[in-house]
Amino acid sequence: MLEALFTYRFLQNALIAGLLASVVCGIVGVIIVEKKLIMMSGGIAHTAYGGVGFGYLIGIEPIIGAFLFSVASAFGVGYVKRKGSVQSDVLIGLFWSLGMALGILFIALTPGYPPDMNSYLFGNILSVTRSDLYLMIVLTVIVVAVITVFFQLWKVYLFDDEFSQIIGIRSTIMEYILLVLVALTIVVLIRVAGIILVLALLTAPAASAGLFSKNLKSRMILAIGFGMLFCISGLAVSYVLNIASGASIVIISVVFYFIASMIKGVLFK
Amino acid sequence: MNNMLEIENLCVNYGNTPALQNVDLVVEEGEFLGIMGPNGGGKSTLLKAMLGLIKPSEGTIRFTTGTDGKQKRIGYVPQFAVIDRRFPITVKEVVLSGHIIPGLHPFFKYSKEDERDTMMQLERVGMADLADRHIMALSGGEFQKMLIARALAVQPELLLLDEPTASVDAMSREQIYRLLGELNREITIIMVTHDMMAVSSNINKLACLNEKLVYHGEPELNESVVNKLYGCPVELVAHGVPHRVLKEHEGGHCEC
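Those sequence lines, one after another, are chains A and B. 128 is the number that this note's numbering gives to position 128 of the first sequence; each next residue is one higher, with no gaps. 144 is the number that this note's numbering gives to position 144 of the second sequence; each next residue is one higher, with no gaps.
Honestly, the hints are just simulated from the structure, not real lab data. We put the CB at the ideal spot given by N, CA and C, even for glycine. Careful, some of the hints might be misleading.
[What the hints assert, rightly or not] Keeping only pairs whose Cα atoms sit at most 20 Å apart, straight-line, the calculated SDA-like set for lysine to any residue is:
| id | chain 1 | residue 1 | chain 2 | residue 2 |
| --- | --- | --- | --- | --- |
| 1 | B | 72 | A | 36 |
| 2 | A | 264 | B | 87 |
| 3 | A | 217 | A | 146 |
| 4 | A | 155 | B | 84 |
| 5 | A | 36 | A | 147 |
| 6 | A | 36 | B | 136 |
| 7 | A | 35 | B | 85 |
| 8 | A | 155 | B | 55 |
| 9 | A | 155 | B | 87 |
| 10 | A | 214 | B | 131 |
| 11 | A | 214 | B | 133 |
| 12 | A | 155 | B | 72 |
| 13 | A | 81 | B | 106 |
| 14 | A | 214 | B | 138 |
| 15 | B | 55 | A | 173 |
| 16 | A | 35 | B | 80 |
| 17 | B | 72 | B | 29 |
| 18 | A | 83 | B | 16 |
| 19 | A | 155 | B | 86 |
| 20 | A | 36 | B | 84 |
| 21 | A | 155 | B | 85 |
| 22 | B | 70 | A | 165 |
| 23 | B | 109 | A | 36 |
| 24 | B | 109 | A | 147 |
| 25 | A | 155 | A | 168 |
| 26 | A | 36 | A | 161 |
| 27 | A | 155 | B | 106 |
| 28 | A | 217 | B | 70 |
| 29 | A | 35 | B | 81 |
| 30 | A | 83 | B | 14 |
| 31 | A | 155 | A | 138 |
| 32 | B | 70 | A | 168 |
| 33 | B | 72 | B | 62 |
[To be verified] FRET-style restraints, in silico, Cβ to Cβ:
| id | chain 1 | residue 1 | chain 2 | residue 2 | range |
| --- | --- | --- | --- | --- | --- |
| 34 | A | 263 | B | 106 | 53 to 61 Å |
| 35 | B | 102 | A | 105 | 42 to 50 Å |
| 36 | B | 220 | A | 145 | 54 to 62 Å |
| 37 | B | 81 | A | 98 | 51 to 59 Å |
| 38 | A | 97 | B | 73 | 27 to 35 Å |
| 39 | B | 102 | A | 36 | 18 to 26 Å |
| 40 | A | 172 | B | 220 | 53 to 61 Å |
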């Protein structure tokens, strides 16, 4: 296994992709779990499917299409939610399906043989290319920088956005930035876990870390660690048993969370 | 006495439903104003409008500026039901957040001065020994006092509180009222409350709100105000407490 890692470029790419994904998952995952934005993130992720289809249709890199669609949906969701006239879970439900429907439509309109969409839906970490990696690196750096450089500001905002607004923090802008960060995170994760499986990767490491840490910063760091553990072990299982990487990573994450919460329940009753 | 705040003909609508209608209210410096009224009577809406969180549909809210021409600093204590009490943060960190400087300050760190002031505010509300405690482990009263300390960290000239004694035990409620009484020596306070007992606490002006401003004046409720406010006579004698809320209570019969 280790030997193969040194021999094969695709395995190295997969490993790096997994580590990058763990970093963004850890940081953004903790935030969306705290802010109860999990379903909103699911909505943004599924809109990305429309972007993938759009990419094939107009002949650009599908992941760029996914990027454009998720960012646009992040702004859309944020804007309509601000307006306050629509219940936000109604909106999320609509975006969720609309994104998928648009993806199917765009693929149908694309001339020639339909491309294989499975790797976008379920992820295929073993097919990560160099250019995918470059995009992932750039997005990861942006996400990490935006959060860490203004960490205290984020903490105040996340704890109580109303108060932060009153003392002069532009909380509307922070909300938009947060949604865009979620969109960027999802683009990083699509290659690893796929649109459908992304939610587990966003929540499981963060929720597991939440069982053990009561401090925002250490919770993020712990979540990154868990994410790496899940990605590496999932990758190994996927390579050895020759099953889809997204599925193995997600199953390991979810099983880990349940076992951890049970152990915690028994220990700290 | 200078005015702190002047509200003129304020109307707020949520969609087509009016929440506040034609409210005129002047708050003087040094005042301790209690705002009472039934659920959905617009108390919190008024507070949020004062804070600029809600845009009025009509009318104006004007804060008089200080002698230095600067805006008055406002401290705000929200209803604690709106805050997620499982957020991973300690008491000290919450109070420190009152010291954050808005705007983009990369790698912002709180100063030694901020830390010292934070401990002072916690001392003031009697929670210095709980500084490092996680907020999950606080009682309702402690949580509320922590929020007051955070509001004080802003060094406010005006303090707005939204139901500071809701879901708080009797002893903490007494402490909070006493604390607010002390703070009122330096700070103008506006407090929204459900608690009839507040009338007999340190407040020195009372406003009753039920969509419209029903009463504004001395902190004494009489029957006609209460009838207007709640739509029917309400028994207002607080049980087991040596204060009477109503000045004079003639055993009325309920017609509602």
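Exercise. Of the numbered hints stated previously, which ones are contradicted by the structure, given in increasing order?
Worked result: Violated hints (numbers, rising): 1, 8, 12, 13, 23, 28, 31, 34, 37, 38, 40; every other hint is consistent with the structure.
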